[in-house]
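With the hints as constraints, model all of the structure from the sequences given.
There are 2 protein chains.
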Amino acid sequence: MTTTTIIGYMAAFGTTVSFLPQAIKTIQTKNTSGISLYMYALFTAGTLFWLIYGLMSGSLPVAIANVITFVFASIILVYKIIYK
Amino acid sequence: MTTTTIIGYMAAFGTTVSFLPQAIKTIQTKNTSGISLYMYALFTAGTLFWLIYGLMSGSLPVAIANVITFVFASIILVYKIIYK
Numbered sequence: 000m001t002t003t004t005i006i007g008y009m010a011a012f013g014t015t016v017s018f019l020p021q022a023i024k025t026i027q028t029k030n031t032s033g034i035s036l037y038m039y040a041l042f043t044a045g046t047l048f049w050l051i052y053g054l055m056s057g058s059l060p061v062a063i064a065n066v067i068t069f070v071f072a073s074i075i076l077v078y079k080i081i082y083k
Numbered sequence: 000m001t002t003t004t005i006i007g008y009m010a011a012f013g014t015t016v017s018f019l020p021q022a023i024k025t026i027q028t029k030n031t032s033g034i035s036l037y038m039y040a041l042f043t044a045g046t047l048f049w050l051i052y053g054l055m056s057g058s059l060p061v062a063i064a065n066v067i068t069f070v071f072a073s074i075i076l077v078y079k080i081i082y083k
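Chain order of the listed sequences is A and B.
Here numbering that gives the first Met the number 0 is used: the first residue of the first sequence is 0, the next is one more, and so on.
Here numbering that gives the first Met the number 0 is used: the first residue of the second sequence is 0, the next is one more, and so on.
Since the hints were derived computationally from the structure, they do not count as laboratory data.
Certain hints may be false.
Any copy will do: because identical chains look the same in the list, a pair fits if it lies in one copy or spans two.
[Said to hold, decoys possible] Think about it this way: if two alpha-carbon atoms lie no more than 20 Å apart in a straight line, the pair counts; the simulated SDA-like pairs of lysine to any residue are:
{"#": "1", "residue 1": "K29", "residue 2": "V77"}
{"#": "2", "residue 1": "K29", "residue 2": "K83"}
{"#": "3", "residue 1": "K79", "residue 2": "G13"}
{"#": "4", "residue 1": "K29", "residue 2": "I81"}
{"#": "5", "residue 1": "K79", "residue 2": "I67"}
{"#": "6", "residue 1": "K83", "residue 2": "T2"}
This is the structure:
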């Protein structure tokens with residue numbers, strides 16, 4: 000595995016896993032006052048498009064990473080809508 | 000341009016631009032109580048690795064998209080650290 004590929008996996012890990020602590024915090028506290036609705040609406044749509052792009056272009060890592068991020072981002076978005 | 004490429008650009012646009020409304024909201028309200036420090040620490044590091052990956056692999060769109068996201072995510076992270 001090349002250094003570039005390793006850095007790519009580290010990047011994918013960081014930006015994917017980062018939404019887990021936010022999702023946990025939001026579920027536990029239900030405090031969404033500082034969270035932007037527009038961010039999560041746009042971001043959730045973006046990850047859905049990444050998922051479709053990953054499947055259409057045959058890039059399984061892109062598809063898998065974005066399924067995970069989509070789930071976390073959707074949870075945060077739903078909490079933001081419910082607990083305004 | 001193929002449908003797959005167009006979906007890829009829509010995906011990149013959504014996940015990049017989404018951090019702008021969050022950065023604006025955080026700057027204006029200074030309300031970071033609902034924002035996860037761990038998320039932004041991990042996410043900012045992740046975008047930095049994406050930027051390095053983009054430069055090393057010669058993918059300019061990946062590099063450019065992640066410079067933008069890195070700036071927005073860094074602003075949110077700094078505000079989260081200052082206004083705990």
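For this structure, which hints from the list above don't hold up?
-> Hint 6 contradicted; others consistent.
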